[in-house]
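The listed protein sequences correspond, in order, to chains R and Y.
In case it helps, the numbering used here puts the first sequence at residues 430 to 775.
In case it helps, the numbering used here puts the second sequence at residues 80 to 226.
List of simulated lysine to any residue pairs, SDA-like, C-alpha gap at most 25 Å: (1) Lys193/Y <-> Ser82/Y; (2) Lys529/R <-> Ile485/R; (3) Lys607/R <-> Ala165/Y; (4) Lys626/R <-> Thr604/R; (5) Lys455/R <-> Gly758/R; (6) Lys661/R <-> Asn117/Y; (7) Lys219/Y <-> Gly646/R; (8) Lys455/R <-> Lys585/R; (9) Lys219/Y <-> Ser664/R; (10) Lys193/Y <-> Ser664/R; (11) Lys585/R <-> Met724/R; (12) Lys211/Y <-> Arg632/R; (13) Lys691/R <-> Ser139/Y; (14) Lys768/R <-> Gly108/Y; (15) Lys768/R <-> Gly181/Y; (16) Lys529/R <-> Leu765/R; (17) Lys768/R <-> Lys154/Y; (18) Lys607/R <-> Asp444/R; (19) Lys585/R <-> Gly134/Y; (20) Lys738/R <-> Glu445/R; (21) Lys537/R <-> Ser500/R; (22) Lys626/R <-> Gln213/Y; (23) Lys154/Y <-> Gly175/Y; (24) Lys637/R <-> Arg97/Y; (25) Lys626/R <-> Asn214/Y; (26) Lys661/R <-> Glu207/Y; (27) Lys455/R <-> Pro503/R; (28) Lys738/R <-> Glu486/R; (29) Lys637/R <-> Asp773/R; (30) Lys637/R <-> Asp93/Y; (31) Lys101/Y <-> Lys211/Y; (32) Lys154/Y <-> Ser770/R; (33) Lys738/R <-> Pro611/R.
Bear in mind the hints are in silico, worked out from the structure with no lab data behind them.
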Amino acid sequence: MDNEIRILGIETSCDETAAAVVCNGKEVSSSVISSQIKLHEKYGGVVPELASRAHIEKIYPVLKDAIARASILPEQLDAVAVANRPGLSVALIVGLTAAKTLSLVWEKPLIAVNHIHAHLQSAMLEADALELPAAALIVSGGHTSLYDCRNCLDLKLLGATIDDAAGEAFDKVATILKLSYPGGPSIEKAACNGNPKAIQFPRSMLGKDSLDFSFSGLKTAVLYYCQGNDMKAPSRVNSMSENEIADIAASFQAAVIDVLVKKASRAAKKIGAKTILLGGGVAANSALREALEEMAEASGRKLLVAPRKYCTDNAVMVASLGYYKYKAGMFADMGLEAKASGEDSI
Amino acid sequence: MQSKTIEFISNSVDETIRLGRKIGATLKGGEVICLDGNLSSGKTHLAKGIASGLGADGDSVNSPTFVMVNEYHCKFDVYHIDAYRAESVAEFEALGFAEFIGPSAVVLIEWANKILPALESLDCIRIELEHKGQNVRLIKITGDLSL
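Sequences are here, hints too, so could you generate the full structure?
In structure tokens:
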């Protein structure tokens, strides 16, 4: 007898078009992300630039691939889960429409998933045991949010960025330093050879109890430093030595990590967390992982970090959270809408 | 309508947000506001002020660089767009730009200079922000706006 619950997950909240099949919330049967497969070669034709973020040309091949790689028939699926918030409306709508259509045609229940909550699922995916409550930190290009996680369906937003997300700060500082895109990996690489204490960049804590984040002042400080404290002068970056760039990258990275670790620690104390969870694209940063590990260990807490392949946007996390909603009987109807905001709605 | 240019000096992030609030409070709906200026010149902070002047929760207004469009539903529907990552005018338009504009909406566009052809037929309020020091910004506003 087949006791497995198989969920098809769909993710289209920003740049990535992704689909995945996950069994019982943990076993990944397939995971397809559009940027990681060669759509052009495989399906012929060219994805027009116009639709590069519109997902329309990618959703069908990605879904087809996810089902094929899972070696199952649609009948074997138990539900279709889709990230319907928060994100870019025109992008979310593509995944949502696909999910509704499949749900209707295959006669499978539809499940709505919060994209940011789903990122946490990536951190829990490979954990054998999870002690709750957890202070959960999601750090990506578009989001920097801290949650009080009682379980994966009971999350309370404790704080979020009031200006730039941490990942965005990495990208923009990489631009200032004329490093390649994406900024996260290039700053991390440059920082490896630099002294994190070379320059004392500001750490914006927003008051002693705040769990919100602000990274735009840090970005301005790096820019000002690279301008030689003269905003009208040409940038000094072109004439900087590799060592100086490395020092700036390392000092900037240290400032971001300092703030993230301190706020996570603050949140953990506040809610009496037994575990710290880390997810989102910036969770791939080794220095951040190490600093959080150190903090967690020193305070007797356990750190769970998303495996690198599930740090950035993917559909495994959507299918995984969908499983717990399936078990809890939390289904959506055909009136489900895409929402640009809603970091705090389960 | 003849458009005039008004100049402001902001000495801090807070002053930029306050100016934004004043601008927001005068909006009547239907405006498209372009926010241009280099990295770190205060575009998002000004947008934060404008949206809070329209009744949005200021803390929820953050940079749309990655997501590309933030929406705040307050006195009007505020669409806060960032063209920083748009690779073409067509891609910008594919964000649903034409549908955002309307009498009960206010559209804010950061890095509007990148997608000027998409704005040709519109009567936009143009705001340019310029670095004058680490915290000092010159803010120039051109368009039909009575402050």
